[in-house]
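Colleague: Below, each chain spelled out in residue letters.
Protein chains: 2
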Amino acid sequence: MFDKDYKKPEEALKLILKSIGDLTKDSETIPIEEAYQRILAEDIHSSEDLPGFDRCTVDGYALIATDTFGAKDTNPVYLEAIGEVFMGEETNLRVNRGQCVKIPTGGMLPDGADAVIMFEHTQQISENLIEVLRSLSVGENVISRDEDIKKGELILKKGSQLRSQDIGAFAGLGITNISVFKKPIVSIISTGDEIVPASSPIKIGQVRDINSYSLDGLIRQRGGITKKIGIIKDNYDEIKRAFSYALSISDIVLISGGTSAGVKDMTSRIINDTGKPGVLFHGVAMKPGKPLIAGLVDSKPVFGLPGHPSAIFVSFDKFIRPVIENIAGYKSTKNIDRTIKASISKSIASSMGREDHIRVSLEKKSDGTYLAHPIFGKSGLITTLVSADGIVIIDEDSLGLDAGDEVTVRLF
Amino acid sequence: MFDKDYKKPEEALKLILKSIGDLTKDSETIPIEEAYQRILAEDIHSSEDLPGFDRCTVDGYALIATDTFGAKDTNPVYLEAIGEVFMGEETNLRVNRGQCVKIPTGGMLPDGADAVIMFEHTQQISENLIEVLRSLSVGENVISRDEDIKKGELILKKGSQLRSQDIGAFAGLGITNISVFKKPIVSIISTGDEIVPASSPIKIGQVRDINSYSLDGLIRQRGGITKKIGIIKDNYDEIKRAFSYALSISDIVLISGGTSAGVKDMTSRIINDTGKPGVLFHGVAMKPGKPLIAGLVDSKPVFGLPGHPSAIFVSFDKFIRPVIENIAGYKSTKNIDRTIKASISKSIASSMGREDHIRVSLEKKSDGTYLAHPIFGKSGLITTLVSADGIVIIDEDSLGLDAGDEVTVRLF
Numbered sequence: 001m002f003d004k005d006y007k008k009p010e011e012a013l014k015l016i017l018k019s020i021g022d023l024t025k026d027s028e029t030i031p032i033e034e035a036y037q038r039i040l041a042e043d044i045h046s047s048e049d050l051p052g053f054d055r056c057t058v059d060g061y062a063l064i065a066t067d068t069f070g071a072k073d074t075n076p077v078y079l080e081a082i083g084e085v086f087m088g089e090e091t092n093l094r095v096n097r098g099q100c101v102k103i104p105t106g107g108m109l110p111d112g113a114d115a116v117i118m119f120e121h122t123q124q125i126s127e128n129l130i131e132v133l134r135s136l137s138v139g140e141n142v143i144s145r146d147e148d149i150k151k152g153e154l155i156l157k158k159g160s161q162l163r164s165q166d167i168g169a170f171a172g173l174g175i176t177n178i179s180v181f182k183k184p185i186v187s188i189i190s191t192g193d194e195i196v197p198a199s200s201p202i203k204i205g206q207v208r209d210i211n212s213y214s215l216d217g218l219i220r221q222r223g224g225i226t227k228k229i230g231i232i233k234d235n236y237d238e239i240k241r242a243f244s245y246a247l248s249i250s251d252i253v254l255i256s257g258g259t260s261a262g263v264k265d266m267t268s269r270i271i272n273d274t275g276k277p278g279v280l281f282h283g284v285a286m287k288p289g290k291p292l293i294a295g296l297v298d299s300k301p302v303f304g305l306p307g308h309p310s311a312i313f314v315s316f317d318k319f320i321r322p323v324i325e326n327i328a329g330y331k332s333t334k335n336i337d338r339t340i341k342a343s344i345s346k347s348i349a350s351s352m353g354r355e356d357h358i359r360v361s362l363e364k365k366s367d368g369t370y371l372a373h374p375i376f377g378k379s380g381l382i383t384t385l386v387s388a389d390g391i392v393i394i395d396e397d398s399l400g401l402d403a404g405d406e407v408t409v410r411l412f
Numbered sequence: 001m002f003d004k005d006y007k008k009p010e011e012a013l014k015l016i017l018k019s020i021g022d023l024t025k026d027s028e029t030i031p032i033e034e035a036y037q038r039i040l041a042e043d044i045h046s047s048e049d050l051p052g053f054d055r056c057t058v059d060g061y062a063l064i065a066t067d068t069f070g071a072k073d074t075n076p077v078y079l080e081a082i083g084e085v086f087m088g089e090e091t092n093l094r095v096n097r098g099q100c101v102k103i104p105t106g107g108m109l110p111d112g113a114d115a116v117i118m119f120e121h122t123q124q125i126s127e128n129l130i131e132v133l134r135s136l137s138v139g140e141n142v143i144s145r146d147e148d149i150k151k152g153e154l155i156l157k158k159g160s161q162l163r164s165q166d167i168g169a170f171a172g173l174g175i176t177n178i179s180v181f182k183k184p185i186v187s188i189i190s191t192g193d194e195i196v197p198a199s200s201p202i203k204i205g206q207v208r209d210i211n212s213y214s215l216d217g218l219i220r221q222r223g224g225i226t227k228k229i230g231i232i233k234d235n236y237d238e239i240k241r242a243f244s245y246a247l248s249i250s251d252i253v254l255i256s257g258g259t260s261a262g263v264k265d266m267t268s269r270i271i272n273d274t275g276k277p278g279v280l281f282h283g284v285a286m287k288p289g290k291p292l293i294a295g296l297v298d299s300k301p302v303f304g305l306p307g308h309p310s311a312i313f314v315s316f317d318k319f320i321r322p323v324i325e326n327i328a329g330y331k332s333t334k335n336i337d338r339t340i341k342a343s344i345s346k347s348i349a350s351s352m353g354r355e356d357h358i359r360v361s362l363e364k365k366s367d368g369t370y371l372a373h374p375i376f377g378k379s380g381l382i383t384t385l386v387s388a389d390g391i392v393i394i395d396e397d398s399l400g401l402d403a404g405d406e407v408t409v410r411l412f
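Going down the list, the sequences are from chains A and B. Position 258, counted from 1, in the first sequence is what the working numbering calls 258; the numbers after and before it change by one each time, with no gaps. Position 264, counted from 1, in the second sequence is what the working numbering calls 264; the numbers after and before it change by one each time, with no gaps.
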């Protein structure tokens with residue numbers, strides 16, 4: 001069979017992750033202003049209650065709830081207004097039975113009060129006399145001093161990727177510096193006698209370096225830092241030298257190109273000759289992306305990537321993304337796939353034993369559901385990716401999809 | 001009814017977008033290395049064919065397909081090997097009937113040849129004699145000179161948000177600088193006598209400025225630049241001065257806090273007193289987020305945001321995000337919602353005429369589907385957002401959800 005000698009994708013991924021173990025990077029302390037999307041390197045506990053005082057959530061009168069029992073439009077309760085709370089200020093007022101205190105939204109609840117009635121449900125009869133037209137229960141329109149966050153409470157776990165609201169919570173607690181994991185550094189070596197820089201005019205037979213540009217965005221999207229080592233000719237010594245340099249400055253090394261028959265043994269040999277354990281596997285039962293090489297050199301994961309742009313994307317998503325996430329420290333982040341359901345517009349055949357990654361473009365129908373149009377075209381064509389919105393995976397046990405089948409689209 | 005006086009969310013959004021019209025910013029030219037996630041300000045056409053020459057996609061022999069018709073293991077065809085193509089080099093070889101040329105993956109197809117047979121499907125009999133064991137069709141294992149991109153072809157439309165593969169395509173075409181729209185500048189004015197900076201210790205009655213931190217991440221996520229104007233006391237003159245300054249340096253102004261009864265008229269008055277047309281509406285039939293103010297001053301959209309963290313999130317997603325996207329120039333980008341389907345774990349009641357935004361936390365079940373757990377809690381609590389993975393919207397015509405109902409979760 002076509003793919004018999006190649007590793008199954010899931011097994012290949014497990015082998016990589018098991019081999020590299022936990023390579024999470026050191027941490028660094030940064031201000032929360034710079035923490036958006038970074039990965040927390042410590043558990044964050046609150047050092048105080050939030051809001052820290054009983055806080056009113058409406059504009060109205062603070063009072064004692066039991067005083068209002070039975071109050072309605074036709075049977076109001078009368079309370080004595082004894083003063084006013086001002087925004088952002090502590091109050092020394094104390095509410096006793098039969099009394100109330102004027103209070104703004106966000107104001108501090110005075111001692112004795114346990115609820116706040118909105119202005120709309122009162123009538124001011126005189127300067128000091130308020131008519132209450134509704135019954136309140138204890139705690140109504142009040143946030144208690146530790147209702148949002150209790151002192152000592154675990155706010156966020158080590159390994160969480162920080163979102164807007166998380167940083168807001170830190171600000172609320174007065175936590176202005178936090179410890180995050182350093183970003184993984186991913187080096188890219190572009191190989192191939194035919195590859196020239198993007199800025200170069202091309203002669204017949206040459207192609208510009210597409211993949212280091214595509215990979216850069218993918219790496220950044222996962223929180224990595226890209227180092228482009230440059231374009232290296234298909235020469236053992238030159239690639240080996242570039243590879244050793246890349247290993248010395250980065251956490252992951254990607255060698256783009258150089259995995260097909262002509263030079264593939266060279267990439268494997270260089271990996272094996274540079275350090276232990278060397279190549280973990282060469283070839284996965286997956287299309288595109290079949291000629292992938294994965295290895296480990298001096299505890300650093302290294303990959304030999306096929307030269308085709310589509311193969312780069314699929315290999316990255318399946319194998320390199322999880323490795324970057326491991327090193328970046330994403331441990332407690334829920335991995336909620338960015339997927340949507342769609343119905344596939346055309347039938348697609350697939351071989352047993354091979355995982356097919358089909359590029360699709362999405363069309364939103366008038367009923368709000370999506371139609372996924374498969375993009376056929378050789379995996380060497382960058383345009384098939386430019387017109388795609390995502391990927392549909394046909395797993396290795398499937399013979400394909402029928403038009404109209406529901407599919408899960410992994411969005412780019 | 002509770003929400004009768006408030007605008008319906010969809011109508012409110014339409015009113016805002018219609019009122020502001022097209023405010024897309026000027027463009028700037030940047031290198032493609034910096035273009036990831038920026039918005040294209042020009043249509044990009046190709047100035048050349050890609051790959052630019054007929055390119056081989058396997059290691060093998062270039063030949064004339066008709067020579068191989070009928071070839072199989074038991075009935076091979078014999079071809080004369082007349083030479084070799086080298087990677088990245090132009091070739092002057094010409095393949096005639098009965099001939100073939102050795103070629104590496106990515107090599108330039110020699111004149112006369114129209115297909116390439118893989119090494120695996122050949123046997124080398126002598127130095128110059130090759131046995132072909134398969135039939136090929138014309139074009140097999142070849143990418144033609146303009147198969148990826150034709151000279152003059154539209155690659156990407158103005159208004160597209162640039163992804164990794166788009167930048168890869170530019171690199172492939174030798175396009176190293178492109179024109180993108182400038183990023184919208186969004187100012188945040190935090191108001192409230194009780195608000196203190198995140199770095200400040202707090203006294204009873206005070207709260208730290210959570211919202212400018214939460215908003216910063218949301219703005220950046222949509223490609224905007226945040227300018228924090230600072231924390232301003234609830235004073236007409238001070239807020240008006242800060243507002244005028246913010247208008248002078250930004251494209252959108254957000255006033256956080258100051259929309260509840262005590263001071264809401266002040267925010268509305270300041271907007272109306274600063275320029276025309278002023279306030280567009282005050283209040284939407286939505287929970288949380290009801291007290292939103294939207295306005296337009298000297299052609300710049302301005303918003304008065306409720307102080308509660310959850311209300312900030314919901315208002316941002318519903319109203320401010322589309323406005324930022326309008327100004328940022330996202331015109332041709334398909335707006336594929338980042339949503340997943342889940343089943344709701346508890347019943348939730350909702351009022352007719354009000355759009356409810358329910359925070360949910362997601363649990364992945366063993367069968368790969370998701371359970372959405374509603375997070376109950378006052379909208380003033382930042383923790384309800386920290387523990388949430390997304391939002392479920394219950395529309396204004398619905399009375400609520402039953403446990404087990406399928407829901408669409410908008411992911412944060």
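Each hint should be verified, as a subset may be incorrect.
As the list makes no split between identical chains, a pair holds if one copy fits it or if it spans any two.
Straight-line Cα separation of at most 30 Å, DSSO-like style, residue types lysine-lysine; simulated pairs [what the hints assert, rightly or not]:
#  : residue 1 : residue 2
1  : Lys287    : Lys341
2  : Lys8      : Lys341
3  : Lys233    : Lys102
4  : Lys341    : Lys365
5  : Lys157    : Lys25
6  : Lys157    : Lys182
7  : Lys365    : Lys158
8  : Lys228    : Lys182
9  : Lys182    : Lys14
10 : Lys203    : Lys151
11 : Lys227    : Lys72
Source of the hints: derived by calculation from the structure; they are not laboratory data. Being a predicted model, the structure only gives us computed values, none of them experimental.
Colleague: Each hint needs a verdict: does it hold in this structure or not?
Modeller: Cross-check of the supplied hints:
{"no.": "1", "hint": "Lys287 - Lys341", "result": "both (22 Å within a copy, 28 Å between copies)"}
{"no.": "2", "hint": "Lys8 - Lys341", "result": "both (25 Å within a copy, 29 Å between copies)"}
{"no.": "3", "hint": "Lys233 - Lys102", "result": "between (79 Å within a copy, 20 Å between copies)"}
{"no.": "4", "hint": "Lys341 - Lys365", "result": "both (13 Å within a copy, 17 Å between copies)"}
{"no.": "5", "hint": "Lys157 - Lys25", "result": "within (17 Å within a copy, 40 Å between copies)"}
{"no.": "6", "hint": "Lys157 - Lys182", "result": "within (17 Å within a copy, 37 Å between copies)"}
{"no.": "7", "hint": "Lys365 - Lys158", "result": "between (41 Å within a copy, 23 Å between copies)"}
{"no.": "8", "hint": "Lys228 - Lys182", "result": "both (19 Å within a copy, 27 Å between copies)"}
{"no.": "9", "hint": "Lys182 - Lys14", "result": "within (24 Å within a copy, 43 Å between copies)"}
{"no.": "10", "hint": "Lys203 - Lys151", "result": "between (67 Å within a copy, 16 Å between copies)"}
{"no.": "11", "hint": "Lys227 - Lys72", "result": "neither (70 Å within a copy, 48 Å between copies)"}
Checked against the numbered hints above, the structure breaks only hint 11 and satisfies the rest.
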